[in-house]
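Participant: The primary structure of each chain is shown beneath.
There are 4 protein chains.
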Amino acid sequence: MPNTLSPDWLKKSVFKPDIFKGKVVFVTGGAGTICRVQTEAMILLGADAAIIGRRPEVTQKAADEMAQLRPGAKVIGVGNTDVREVKSLVAAAERTVKELGRIDFVICGAAGNFLSDFNHLSSNAFKSVISIDLLGSYNTVKACFPELRKNKGSILFVSATLHYYGIPFQTHVSAAKAGIDALSNALAVELGPLGIRSNCIAPGAIAGTEGIDRLLPADMREKALSLIPAQRWGQTEDIANGTVYVFSEAASYVSGTTIVVDGAGWHTSNGAANNAVYPQMLIAQGNDTPKL
Amino acid sequence: MPNTLSPDWLKKSVFKPDIFKGKVVFVTGGAGTICRVQTEAMILLGADAAIIGRRPEVTQKAADEMAQLRPGAKVIGVGNTDVREVKSLVAAAERTVKELGRIDFVICGAAGNFLSDFNHLSSNAFKSVISIDLLGSYNTVKACFPELRKNKGSILFVSATLHYYGIPFQTHVSAAKAGIDALSNALAVELGPLGIRSNCIAPGAIAGTEGIDRLLPADMREKALSLIPAQRWGQTEDIANGTVYVFSEAASYVSGTTIVVDGAGWHTSNGAANNAVYPQMLIAQGNDTPKL
Amino acid sequence: MPNTLSPDWLKKSVFKPDIFKGKVVFVTGGAGTICRVQTEAMILLGADAAIIGRRPEVTQKAADEMAQLRPGAKVIGVGNTDVREVKSLVAAAERTVKELGRIDFVICGAAGNFLSDFNHLSSNAFKSVISIDLLGSYNTVKACFPELRKNKGSILFVSATLHYYGIPFQTHVSAAKAGIDALSNALAVELGPLGIRSNCIAPGAIAGTEGIDRLLPADMREKALSLIPAQRWGQTEDIANGTVYVFSEAASYVSGTTIVVDGAGWHTSNGAANNAVYPQMLIAQGNDTPKL
Amino acid sequence: MPNTLSPDWLKKSVFKPDIFKGKVVFVTGGAGTICRVQTEAMILLGADAAIIGRRPEVTQKAADEMAQLRPGAKVIGVGNTDVREVKSLVAAAERTVKELGRIDFVICGAAGNFLSDFNHLSSNAFKSVISIDLLGSYNTVKACFPELRKNKGSILFVSATLHYYGIPFQTHVSAAKAGIDALSNALAVELGPLGIRSNCIAPGAIAGTEGIDRLLPADMREKALSLIPAQRWGQTEDIANGTVYVFSEAASYVSGTTIVVDGAGWHTSNGAANNAVYPQMLIAQGNDTPKL
Ligand SMILES: NC(=O)c1ccc[n+]([C@@H]2O[C@H](COP(=O)([O-])OP(=O)(O)OC[C@H]3O[C@@H](n4cnc5c(N)ncnc54)[C@H](OP(=O)(O)O)[C@@H]3O)[C@@H](O)[C@H]2O)c1
Ligand SMILES: NC(=O)c1ccc[n+]([C@@H]2O[C@H](COP(=O)([O-])OP(=O)(O)OC[C@H]3O[C@@H](n4cnc5c(N)ncnc54)[C@H](OP(=O)(O)O)[C@@H]3O)[C@@H](O)[C@H]2O)c1
Ligand SMILES: NC(=O)c1ccc[n+]([C@@H]2O[C@H](COP(=O)([O-])OP(=O)(O)OC[C@H]3O[C@@H](n4cnc5c(N)ncnc54)[C@H](OP(=O)(O)O)[C@@H]3O)[C@@H](O)[C@H]2O)c1
Ligand SMILES: NC(=O)c1ccc[n+]([C@@H]2O[C@H](COP(=O)([O-])OP(=O)(O)OC[C@H]3O[C@@H](n4cnc5c(N)ncnc54)[C@H](OP(=O)(O)O)[C@@H]3O)[C@@H](O)[C@H]2O)c1
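Chains A, B, C and D, in that order, give the protein sequences. Quick note: the first sequence, position 232, residue 232 per the working numbering, numbers continuous. Quick note: the second sequence, position 76, residue 76 per the working numbering, numbers continuous. Quick note: the third sequence, position 213, residue 213 per the working numbering, numbers continuous. Quick note: the fourth sequence, position 108, residue 108 per the working numbering, numbers continuous.
There may be inaccurate statements among the hints.
Note that identical chains are pooled: a pair holds if it fits in a single copy or bridges any two copies.
[What the hints assert, rightly or not] Simulated crosslink set (DSS-like; lysine-lysine; CA at most 25 Å straight-line): (1) K98 x K61; (2) K87 x K21; (3) K16 x K223; (4) K152 x K11; (5) K223 x K12; (6) K152 x K223; (7) K21 x K11; (8) K11 x K223; (9) K291 x K152; (10) K98 x K12; (11) K74 x K127; (12) K21 x K61; (13) K291 x K150.
If you're looking for bench data, these hints aren't it; they were derived computationally from the structure. Remember, it's a predicted structure, so these values are computed and weren't measured experimentally.
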């Protein structure tokens, strides 16, 4: 996957280049669709970056490509790192400090997702998503805390909007993201006096992601799109722009909140409504043999 | 610990006796302070009950005492059951069906708590609370699902209010309870078409509990109390009454919501405000050597 | 319109008769569909009642019918009272105290509604709904405050769920009900120390009301119904039951919150989703000549 | 009052100059403390502006001063305009279009405030705040709608955080701002398909404003400040920066949400907690002769 943004993006951007000069961002899931573009924007605007993931080749390749975005940019790919293991994240943070000198910004973006009704969502599957999304986010902040404290840094959790209402087929992700929002708020309160800010960004339906391309059945796409007030899918670039704002000096008094970037979509576009088969599919699946 | 309620409670209760006759309630944490009294009220009003916990003697003793509340009441104590293990809950549910005939109502009440700032809250400690409160609640519903589906039952999660704002020293419980609220809402949507209701009850500061007696420093108690608009602590009986309402026929159209029973306390009484030492204590603890 | 409830309701009710004996409830909109049944339940359970409205005959007739529900029940109809005029409400409260002896409970239920997109909703029309729903509710509490204070009474605002998301064609009611929720919370905080509780009840889609029968186009009804997780419309009786709970001793620690009674409907059934014509209708109407 | 910002601000700003070149912003309350600085930033970044208020001299003087910020900037002061009168706003909008050519952005900022407990807050006083804040905001959008529609413009309501919990002495503003949030969300849904975005900005405690300087008693200031996690008051510049983000192309997918800029303050700093006299003062004032 090549870069989504290019140096041209700087021309049309409302932000000045160099606003993140000398800063370092640490991004779990930074080789993934959305978080990669958040990172690309940060790099274009002067930051160096460490992107964290499990797959070493994918992570390394993405890092190499992203380093092309800005002359002199340093981007390291830290593979073989599972956010469920705090020790592996500590190693990643240590390597980042060693190679890039510091950590100023942390993006907790690593997450898993798939669709399942409750009856077919095993306890293990539920646990797996909670572990990656919620515990993994906690571990990430833990591992970066010494640097965040030293540099009066800033944390951004990648959340979602699906728990604002009660979306079907996503109990696991809803619970995980609601937990993340609460964690972010509590950290904003606890770490504020240490000079650290904590916020969430909640993307709506973003084009080109697994969530839309793989999980949303093709025949529901048109209806789903029409229900988004903005009448377009989100772009990864929209999330990147929100990220830049939150980390920038312009938002130095923004903490303990969520930047929702969804074209007003959550107000209108819940899962049940999009889904031509509510409640039939849930009744059918709910009557299956229970899965533990 | 003897029973909190007694047959006399029926006289002053606004509810008719026998409204839960022939019904069975399955309660994790049912030997604990709050959930025990929820269960006592259900028993007094006609239900049989299974209470679930890890400590076998404590659980058995509570069950025996509670069985005294109503002539003919059947109450079983299912010890050696950890809500983190779905299989142990399945066994508990099967024993309940075998001995009590059915399950109509499920209370997910088992939970852990302690105070810690972020810096001293290890990844493991955070995980432990998420596992008991959030994963444990999921597992409980999983284990009871066949019965809930058959009997068009009703689920009640015991949540809290502390994640409505961003309370310090409670990142773990805040994240867990926020996750539970989202889970409850998602289940209300998914299981509604199967005839199952799902709700939360959110107690405020309840007198006689660990939360107030052990966790709230004595010298903050008077100020904390004065900040509760109702000007009194909650009683376990208040939570029991809310529980009865939610499970009763009177609430047959109530699903996907939270019954807050807190004397309007959360609007005024957040942790930082009560805490004479905000932000000093957080700054001091935040400057300690980080704990993983 | 005859009574919806009858003395038979007492037999199936979970509540004991007489729980409101000696109490008086003051209800604006008490001759309307929902609030009338709230009042009927209170009367059946022992309360006397004053129902308030503009149309004198309608109000009087309803009062006379409702007085039949319980031998000895006193129900007065106070017509010619517009909630937009605090003085007319003061007169209504004074008459209530004079004829019924006291006021313990207040239901702020009077409201107006109609559908309109923003472009066709004049400033005056918007103001009219805000004035009846929000200012009218404030005025009602004002007029009853001396009695509420004396009797340590309880306030119930009839709110809605439509502002939890962003429903189209209802900007006016959304704004009004959101204002009411905030008012209720602030009063819970302010009046709690005086012994007064303040709460909201939020009905979902209730069968037999103007909202469903007149405002919801017939061809959208089946889809709308299927999107409610409970798979049925709400009944006025459901709202009556929630009302009884909130005013009863069982809820003496419930304040500053909203009892949602909607079959989990708001999580799934927003207006845009129900509406086969989103966004087409809004685009067409938005392109009309603006109306002031 | 001189300008708060100066051309130097452009140097340290993260935003590129000229991003609002050729655009026009229409600001009610634009001569007031916060909204003036929002407007100053927009002007510095290329916009022309119309500021609206009742006092003609104050409004004109502010406009003249603000025009000094950028060579070529056009800023008109439209006095004698009360947001409670939609017709006076229509005249203001027409003058703006005549003199500045167009309207792209609307800031609904005009508001009134004062402290009062419920017992001393007359129906008229409550109505007055609702009329300025909520009805006035509606009227403002009404008057600018033809231009917003033509130019695919963007609306920003100046809200607050005090209704997120239940602050005492502010029932009127809480209800008004909650209404505004709901209005903004509903407009985001309705006007999204016309290409119009609608959002709120919620300032925390901003230094130098009436809210902090006049309304917060001096002896509560230190405690109040310590309870803000960021450990500083907000600056008008913080709100200006959030405003720039929301109106900029960077936020083109941001609609139907609130940008909270409060240093995480609302999570910790509610009015009751700050107030050494809760609940005593409310009890005393609540026992006074009721005021209608
Ligand atoms: N897609 C949407 O429309 C949408 C909407 C709302 C919110 N979001 C959120 O946005 C974020 C990014 O979503 P996306 O669709 O761009 O994701 P994605 O492309 O699926 O990427 C996920 C990334 O997370 C990494 N990851 C997953 N599990 C991990 C683990 N255990 N340890 C370390 N890294 C792990 C993956 O790398 P490895 O596999 O190499 O580990 C991958 O790089 C997520 O938090 C998602 O919940 C997305
Ligand atoms: N206390 C308050 O004021 C307050 C306020 C808001 C919410 N709440 C919530 O109310 C509920 C009850 O609180 P409480 O103070 O009454 O609790 P408690 O007295 O501490 O009782 C907790 C119960 O949970 C059981 N439990 C804990 N971990 C378990 C596990 N892994 N597996 C099975 N059972 C387990 C315990 O039994 P074993 O040790 O034998 O397993 C015990 O019976 C909790 O959900 C709490 O979060 C309390
Ligand atoms: N229908 C639903 O599904 C639904 C859903 C959510 C919430 N709600 C809420 O539930 C409540 C009752 O709804 P409903 O459908 O039962 O209402 P309804 O039948 O239309 O009755 C409204 C009542 O309010 C009175 N009223 C209206 N304006 C008044 C004024 N200015 N002064 C005094 N009284 C006034 C009317 O009497 P007069 O005309 O004689 O004055 C009438 O008795 C309302 O607050 C509504 O917003 C309804
Ligand atoms: N101060 C804070 O810390 C804080 C916190 C949260 C939110 N806010 C919100 O931020 C906004 C600005 O607050 P501020 O403290 O900067 O206000 P401010 O200095 O008091 O200015 C208010 C402005 O509104 C105008 N205005 C008032 N009533 C009007 C009417 N009926 N018609 C037309 N214009 C009217 C006033 O001009 P004329 O008198 O000439 O009409 C004045 O320019 C308000 O919406 C406020 O609620 C403030």
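Participant: Now, for every hint given, state plainly whether the structure supports it.
Facilitator: Hint by hint, here is what the structure shows:
1. K98 x K61: within (20 Å within a copy, 56 Å between copies)
2. K87 x K21: For K87 and K21, the Cα distance exceeds 25 Å both inside one copy (29 Å) and across copies (50 Å).
3. K16 x K223: neither (38 Å within a copy, 38 Å between copies)
4. K152 x K11: Intra 30 Å, inter 23 Å, cutoff 25 Å: inter-copy only.
5. K223 x K12: Neither, since 31 Å and 44 Å both go past 25 Å.
6. K152 x K223: between (45 Å within a copy, 23 Å between copies)
7. K21 x K11: both (17 Å within a copy, 15 Å between copies)
8. K11 x K223: Neither, since 35 Å and 46 Å both go past 25 Å.
9. K291 x K152: between (47 Å within a copy, 18 Å between copies)
10. K98 x K12: Answer is neither; intra-copy 34 Å and inter-copy 30 Å both fail.
11. K74 x K127: Result: close neither inside a copy nor across copies, 35 Å intra and 34 Å inter.
12. K21 x K61: Intra 23 Å, inter 40 Å, cutoff 25 Å: intra-copy only.
13. K291 x K150: Between copies, since 15 Å is at most 25 Å while 48 Å is not.
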